[in-house]
Structure formats: structure tokens, C-alpha cells
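Start from the sequences, fold in the hints, and give me the full structure.
Protein chains in written order, with my numbering: chain D, 1 to 393; chain R, 1 to 393.
Take every hint as true, because none was put in to throw you off.
The list treats identical chains as interchangeable, and a pair is accepted whether it falls inside one copy or across any two copies.
Here are the simulated PhoX-like pairs of lysine-lysine, each with C-alpha atoms no more than 25 Å apart in a straight line:
(1) K3 / K353
(2) K211 / K83
(3) K353 / K83
(4) K178 / K364
(5) K47 / K150
(6) K83 / K218
(7) K5 / K353
Because the hints were derived from the structure by calculation, they are not lab data.
There are 2 protein chains.
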Amino acid sequence: DEKAKATDFANYFCSYAQLYHQKQMLADHNRMAAYHSAILGNSSVFKDKVVMDVGTGSGILAVWAAQAGARKVYAVEYTDMAKYAKRVMTANGVDNVVTVIQGAVEDIELPMEEDGLDPEGPVDIMISEWMGYFLLRESMMDSVIRARDKFLNKKTGLMFPSHCSMFVAPVRDEDDRKQNNNEYAGAMSDWHDFAETTRNMYGVDMDILEKDFDREQKEYYLLSSRWTELQPEVLLAEPKMIKQFDMATCTLEEARGITAGEPDAVFCFDINGTRNLGPVSAIAGWFTSDFRSRTDEHAAIAPKIENPSFLSTGPEQGYTHWGQQTFYLLSPLPLLKGEITRLEGSIEMTRTKENARLYNCKFKIQNSRRRLGQEDGQVLMKSPVQENVYQIP
Amino acid sequence: DEKAKATDFANYFCSYAQLYHQKQMLADHNRMAAYHSAILGNSSVFKDKVVMDVGTGSGILAVWAAQAGARKVYAVEYTDMAKYAKRVMTANGVDNVVTVIQGAVEDIELPMEEDGLDPEGPVDIMISEWMGYFLLRESMMDSVIRARDKFLNKKTGLMFPSHCSMFVAPVRDEDDRKQNNNEYAGAMSDWHDFAETTRNMYGVDMDILEKDFDREQKEYYLLSSRWTELQPEVLLAEPKMIKQFDMATCTLEEARGITAGEPDAVFCFDINGTRNLGPVSAIAGWFTSDFRSRTDEHAAIAPKIENPSFLSTGPEQGYTHWGQQTFYLLSPLPLLKGEITRLEGSIEMTRTKENARLYNCKFKIQNSRRRLGQEDGQVLMKSPVQENVYQIP
Ligand SMILES: Nc1ncnc2c1ncn2[C@@H]1O[C@H](CSCC[C@H](N)C(=O)O)[C@@H](O)[C@H]1O
Ligand SMILES: Nc1ncnc2c1ncn2[C@@H]1O[C@H](CSCC[C@H](N)C(=O)O)[C@@H](O)[C@H]1O
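Here it is in C-alpha cells:
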């Protein structure tokens, strides 16, 4: 409803109106290089095309599209950043090609007749940098899907990025895991001092709230994922792809998250305790984005991307402003020499009740141990299934 | 309108729904002691009275009112903290006296007939801890005024606190002032690297945005006040009271801020450079709250407060969670031995356009120097009037 939308917009768009925040993204070179080579590396595809940049921010992607030879670029931005983007177009000599439109992409209209656009689908290439933490946070994908369905040419239109995938892997990161646990323990020790003082000095018993405070602090310190910049050597197994989006076809329904029982949303990691230094501290999650040819039913008639580009936000890639979202286990899982430790489970990802741009992740995890060389042999020990719901803050 | 209200409520109430935040207030012993002695130190006044606690949070003030002998206490709280407060009442054996009502105090109704309340003004004593940074931030005073006008007995009703005052004083705090300036300089140096890299690596000229980035960073680092816990020895002159509220009579209009030209909203500090170590780094602002007898036209018939209580959030008082809001000068003002430095000016405080709970403070300041012992004599130097608008973040 209208009220919820007003609240959401006020909260969501606030930080994007700051140059400081836009600059952080512009200084993320893995991000920049992937989009730059996707666009400038495929200028034959952009030549004379109609392009839309969904959420243009400072306007960088729109400038590149113009530099790549687009006939017309519509750069759509909700915040006042649109005013800056306009000046960036002029300063870079592309204001004749790029039209900045301020508004929510869901609400705007294109100058169809004036600009002689194709009523069957005015936009040839839709570029957008919409990805949030662990891909889905911020739920901006919804806006891109809506824009695609309204403006993109259904048969020959291209989405940049074209495909996105989510990954998880077990990692060793005991320092951070322990720090969270210590902070949680410290908060509870504070509570006990506080309750004692409140009783002694002010005659009021607050003990009744201890369990609620405990839950609140657990959620904050232990059941929230953390932004991390993990080094490749902490990876304890091959990452598992848990969800894949074809940006040409994916639906609002798919974009909502990961529902229980999706076939991809499971993992089974066999970790060799002789080759890997443990313990397992956490499951890390991240995403990748591809800029390549269409793979759906219209693949044959849509223009081909001769020079695909790729963006990874995983530990092997070095810094990106997305980092990885790391979900710490409540207790570490040691790895033993001469043994295989298996971590198997599933992930579910749902929007929170309070805020549709935020997510909860439910992990179900079970671990078991076997002798090395007896991979399918006798299980020495199997844990019960542990189920925990984390919020992505 | 309704949309703006929804946005405001979602933002404002979020943190108060956390026990962590309530506990921070409950662990502020200057705050706690002032309210505790105001209520328990005047139990003869509370005996058999009808009390309302506006914004009860965890319920502490309502428990105290019941312990002081109130006949009935209505504890009003918007957030889910109300559910906790209910359990606190039971745990402290006052649930027969205290009724927790969840809702905005502007929207709720009292059970007038059921509880046999006086239709001319059901509430005898209204307690509330509504004060924000530099008193007015959060604008919760509006809610208290509305509750007063709707529920308090006009002639004999008491407000706790009864009077609030705002103060400013010049202070020495060069470490923090310099740090802000250094961070600002660092941000601008970063920008130059960034603009250069963006041009060289990605072929886009962002120079056109430098001035806007500069303004944004200046506002953030230099033209925002800071929370500080100042030591008494950094005070360079007697604090000046710039605004006073009689809680029994003050209006929504007064609560909006400090308008240009209010007679109290001026200051003139003469700082003796022989007795004080400079420089002047900032103007600090804070407030005090009194719990004393009414002083308005109904003073004679309202119950007297025999044991007044007092809360100060100034530097002489030690820690409070409010601290002081410190407004740093853009350049320091040295104090010279054998001279008097005069700092005179005025303050204006207005709500921001974007968010009525946030404030901008405009300071107009002029300084001048004279020989010590020639206080009214020849002025050696007089600066132009400097005008700066700070936001209270
Ligand atoms: N529904 C919507 N309509 C218009 N703009 C939106 C939007 N949702 C998000 N945005 C904008 O999308 C931008 C995403 S950040 C990416 C900015 C820029 N394209 C760059 O790559 O540097 C933000 O500036 C945000 O304000
Ligand atoms: N208009 C309104 N109606 C009801 N509650 C309000 C309100 N405005 C603010 N509040 C509540 O007022 C409280 C202020 S903080 C003070 C809490 C408590 N009285 C104590 O002294 O510890 C918050 O819990 C906030 O949620």
C-alpha cells in the first residue's frame, strides 16, 4: 500500500542520494572493470541501440553506453543523484545521447513518439547495477524485472548482467566467530550487572526481561551474517551454486528468495581433514554476475555477446564492496586428520515481515565424519540436524 | 499527512523497540537518580493520584509512580516494548495499579467511566522522559504537549519534568576539532585520487561533482554537531541559558525550536586569556530538567513539590547518555594572555525539511579582543560575523 511504499522509499533511497555512497561503488574496481568491459568490450552490440540504465546513480554506466555508440540512453534514477548525473552527461559530452529521467523506474514513461521508439519494446539493452549483499538484499531486482517487462524488446532485448548465481562454501574464520561470541557473552554479563544495580539502587526487578534481552542479543551477535572480505585460503571446499537467475526470463516470484525444497538450494561438502586446516567456522555466501548471450528460447535471434564479461564477489576475487555474507556456526566444527567431515544441508531465504528489502536465511545443517579413503563407508558420528535462522543486516 | 506519519513512525520508533536501547537509558545513572528522587522523594504528592507515563518504554517510571503510592498509573508506549513493560509490572507486583496501553499517546483513549476518571482532566501527574539530544531532537516534546492538553488536569495537574532549559558555552576541545578537519581533508584527498583514477581507467570525467562532494563532506565532518562527554575544565565561560520551557504552559509553537531574534537566544562570552587556556574550539550545547512546583498562573492551587529534583546534562555533571552536542568552529580562536576575547552571537534552531524530528542550528558569531582591565575600552580587533548552519545528526 501507499504508506508502506512511502516508508520503504524514505529508508531505501536515503543513502543513494549521497555522493559518498555512490563513490564507494565507483571505487570498487572489480565491479567497475566488469561493467566497463561488458559495455566497451562489446561496442558492436551497443552501436545504434536504445539503452536503459535502471538506477543510474552518478550516471557512469550510461556514459559508457553512450561511449560504446548507443543511439539513445535513458538513465533512470529515483534520488536527487539524477541531478548530478545530468551534469556528468554534459561534462562528458554525451548529453545529446543520454536522457536522465528522475523517478522510480516503475512509474516513469519514455518519450515514445518524440524519440521514435518501437512500441513493441522500446529498449534494446537494459543495463543495471542492482545487486545487493548476497545478491538479493535490497530487492532491487524487482524493479529491474518490472522495467524489463515494461520496456525491453521481448525477443531481441539484452539484459546486462544476463545471468546471476549465488554460491555458498564452508570457511575457516575463527577470529571473527569468536569475537561475535565474546561480544554476545559480554552483553549478557553487562545485563546481569545492570539487573543487579537496578534492583539495588532503584528497587525495580528487571529479571523477567533477561530471556528477551538474551534473544535480542543472540540475534544481533550470533544470528546475523557479517560482511567479510575472506581470503581464498580460508575456503574449505568447492563452492556450491545454490540459485541461478536468467535475467531475461526470471520472475518476481523467483526474485523473492529461495523457497524450502528448491532443488539447487542444498549443499554437501566433503572436507578432507588431512589436507585442510580447520575448524569450520561458518558458511560464506556470495554471488557472481555474467554478461553474456541470451540462453533462453529467443537466444537464436538476439544479438550475440562476443566478449562476455564476468563479475565475482567470491573470496578468490579480492575486494568488492559487496564482500561475502558470512553466517557463523554457533560452535566450531573441528577437522580431524585422516577423516572426511561432511557438512550437508539446505538454505531457505525469505523476505522479512517488517521490511521487504531485508532477508532471513534459514540454514539446516547436519555433519558427519568418516575415515579418509572410506568415503562411502561407515559413518563414525552423525550430528542431529541444526536449524538456525540468520538475518542479513 | 498519513504517508509522512508512516515513514516517521517506522524510522523513529525502530530503536526504542530494542531492549538494548532501553537498557542504555536505564544505565544512565544521572538520569535514573533524577527521576527516582523526583518520584520517590515526593511520594506524598503521588499518594492516591492518577498518573500517566508518556512513553513508558520498559516501564521503570510507571513502577516508581506505583511504588510512590499512585492510585492509578497509565503507562503509554507505542512500540512492542509495551509488552515487556506489562511483564515488568507483574514481576514487580504493581500490575493492579499500572495499566500499560500500547499506542501513540496522540491516538489512545483512557477508560474514563470504567476507572471513574475526572472528565475535566483525568490525569493528576504526567511523567515522561521525552528529552532528546540538545533537548529538542526527536521532537517528542510535541507528543507530551498534546498528551498534556488532552489528559492533564489544567489547574492542579503537574508535569514531571516541570521546567527545561537549554544552555550553550564556549569550550576548548582541539583534539576533536582537528580530527574532524583531518577527516574532511582526507575525504577530499580521496576524491582527487578517485577522480583521477576514474578518468584514467574508465574514461569518465567526474570533476564536475567535486564541489557537490565537497559540500556533502563539509556538512558531514564540519557542519554537524558531535556527541561529546566534556570535562568541566574545558568550559571557557559561564554557560548561557538560551531557551526555557515551562512544561505546564509551553505550546507546540514554542517546541518547534528557536526562532531568529528570540531575546534569550543570544550569548556574549567574555573569556579572560590570562586565566583560561585556549583556544576556543567550539560551542557546546546541553539542557537541564527540573522537577519542581508549578510557576504559572495556577501555581497557588496546584500541589507543591517539597523535594525538587534536578537533572543536568552539562559538562559539570559527569556522564549522561545525552552528553553535550558540540558545534565546532571552522577555525580555532586563540586566547591571548592579558586580553579578553569576546564571543558574541545568536542561535536559531529549526526542524529540517526532510525530517521533523531533526534539527539545524544556525550560529551567528562575532569575536573581538580587548586589553584585560579595559573591558569597555578600545577594541583591538573585531571579526566579521560568521554564520554557519550545523545539523544535529
Ligand atoms: N526503482 C528504482 N527506480 C529508480 N532508481 C532506482 C530504483 N531502485 C534503485 N534505484 C537507484 O539505483 C541505484 C543503484 S546503485 C548503482 C548506481 C550506478 N548505476 C552505478 O553503477 O554506479 C541507486 O542510485 C538507487 O537510487
Ligand atoms: N507519541 C508517542 N506515543 C507513545 N510512546 C512514545 C511516543 N513517542 C515516543 N514514545 C516512546 O517513549 C519512550 C521514550 S524513552 C523513555 C523510556 C522510559 N520512560 C524510561 O524512562 O526509561 C520510547 O520508548 C518511545 O517508544
